[in-house]
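Residues per chain, in single letters:
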Amino acid sequence: MATTNRPLSPHLQVYKPQLTSVLSILHRGTGVALAVGTLLLIYWLAAAANGPESFAQAQGLIGSWIGRLLLFGWTFALFYHLCNGIRHLFWDGGYGLELPDVYRSGWMVVIGSFALTIVSWLFGYFGGGL
Amino acid sequence: MSLRSPIGLVRGLGSAKEGVSHWWSQRLTAIALVPLTLWFAAAIAGHVDADHAAMTAWMSSPITAALFILLIVATFYHAYLGLQVVIEDYVHSEGLKIASVILIKGACIVLALIGVLSVLTLLFEG
Chain A
13 MATTNRPLSP HLQVYKPQLT SVLSILHRGT GVALAVGTLL LIYWLAAAAN
63 GPESFAQAQG LIGSWIGRLL LFGWTFALFY HLCNGIRHLF WDGGYGLELP
113 DVYRSGWMVV IGSFALTIVS WLFGYFGGGL
Chain B
181 MSLRSPIGLV RGLGSAKEGV SHWWSQRLTA IALVPLTLWF AAAIAGHVDA
231 DHAAMTAWMS SPITAALFIL LIVATFYHAY LGLQVVIEDY VHSEGLKIAS
281 VILIKGACIV LALIGVLSVL TLLFEG
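Sequence lines, in order, name chains A and B. So in the numbering used here, the last one in the first sequence is 142, and the numbering has no gaps at all. So in the numbering used here, the last one in the second sequence is 306, and the numbering has no gaps at all.
Bear in mind the hints are in silico, worked out from the structure with no lab data behind them. Where a beta carbon is used, it is the ideal one built from N, C-alpha and C, also for glycine. It is possible that part of the hints are untrue.
Unchecked claim - Per label pair, the in silico range of CB-to-CB distance:
(1) K285/B with L101/A: 30 to 36 Å
(2) Y27/A with S205/B: 30 to 36 Å
(3) A233/B with G85/A: 44 to 50 Å
(4) E274/B with G72/A: 41 to 47 Å
(5) E268/B with T32/A: 32 to 38 Å
(6) S201/B with G41/A: 43 to 49 Å
(7) A246/B with Q30/A: 38 to 44 Å
(8) P29/A with P186/B: 20 to 26 Å
(9) L297/B with T32/A: 22 to 28 Å
(10) V266/B with F84/A: 32 to 38 Å
(11) P64/A with L193/B: 25 to 31 Å
(12) Y27/A with I282/B: 43 to 49 Å
(13) S201/B with H23/A: 17 to 23 Å
(14) V266/B with L31/A: 33 to 39 Å
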C-alpha cells in the first residue's frame, strides 16, 4: 500500500473550538492532572503518618502561595472531573444525548464546577471542621 | 464445529478478549467516587490548617480511615484505567506503550499502598 502524508482525521486544528469539544478535552486533561495530584495526597498522608515534624513541613508547603495556587487548580480539576463525570454517567445510561441537552448539561457542568470550587474554598477559610 | 451461536461466541469479548470489563470497572469506580469525592472535598476543606494532633485525632476514627482507604483504592484503580486509555491513544510505539502502561500500573499500586498504610498508621496511633 502506498503511504502518503495526507492529513489524517480528526485533523483538530481546522475545527472551531466548541463547548462540546472543549469540555471533552478538559475532562481528559483534568483526569491526568488529578492523577498527578494524587502524589500530593499520598505525600500529605505519609507525612502525617511519619510524625509531627514531617506533617508540619507538608502543611507549610501546601500552605505556601505556590501550594495554595496548585491546590486551587486541583480543586477546580476535581470538581470539573466530578461534574462532567456525572454527565458522562448519564450519557452511558442513554440520557441527555440530544444536542440541546448536551449543551445544557455542559453549561451546568461549567457553572457547577466553578461554584463548588468557590464554595469549598470559602468553607476552607471560614468554615469549621467536618 | 462449535455448537455455540455466533452471538454467543462474541458476546462480552471483542478484540481485546476481555469484553467490557475495563469499561465497566471504570464506571463502577466512577460511581463509587461520586460520594467519596464529595466527602473528601468537604473533609479536606475542614482540615486545611490541621496540626498533627488534630490530624491523628481525626484519623483515629475507623469511619474516617475506612472512607480514606475506599477513596484511595477507588481513585488509583480509576486513575490507572483512565491513564491506560490515554497512553493507548497517544503512544504509538508498541514497546513504549506496554512499558508505560506497566509503569503507570506499578506506580498506582505503590502509591495506593503507601496511602493505605499511612492511613492505618494514623488509625492505630490515635
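For each hint, the structure was consulted:
1. K285/B with L101/A: 30 to 36 Å: Once the Cβ atoms are compared, 24 Å apart, the range 30 to 36 Å for L101/A and K285/B is violated.
2. Y27/A with S205/B: 30 to 36 Å: Given about 32 Å between the Cβ atoms, the range holds.
3. A233/B with G85/A: 44 to 50 Å: violated (29 Å)
4. E274/B with G72/A: 41 to 47 Å: holds (45 Å)
5. E268/B with T32/A: 32 to 38 Å: The hinted range 32 to 38 Å is violated for E268/B and T32/A, with Cβ atoms some 23 Å apart.
6. S201/B with G41/A: 43 to 49 Å: About 26 Å separates the Cβ atoms of S201/B and G41/A, which means 43 to 49 Å is violated.
7. A246/B with Q30/A: 38 to 44 Å: Roughly 43 Å apart at Cβ, these two residues keep to the hinted range, so it holds.
8. P29/A with P186/B: 20 to 26 Å: Check failed, 43 Å falls outside 20 to 26 Å.
9. L297/B with T32/A: 22 to 28 Å: violated (42 Å)
10. V266/B with F84/A: 32 to 38 Å: violated (24 Å)
11. P64/A with L193/B: 25 to 31 Å: violated (54 Å)
12. Y27/A with I282/B: 43 to 49 Å: violated (35 Å)
13. S201/B with H23/A: 17 to 23 Å: With a Cβ separation near 33 Å, S201/B and H23/A fall outside 17 to 23 Å, so the hint is violated.
14. V266/B with L31/A: 33 to 39 Å: violated (22 Å)
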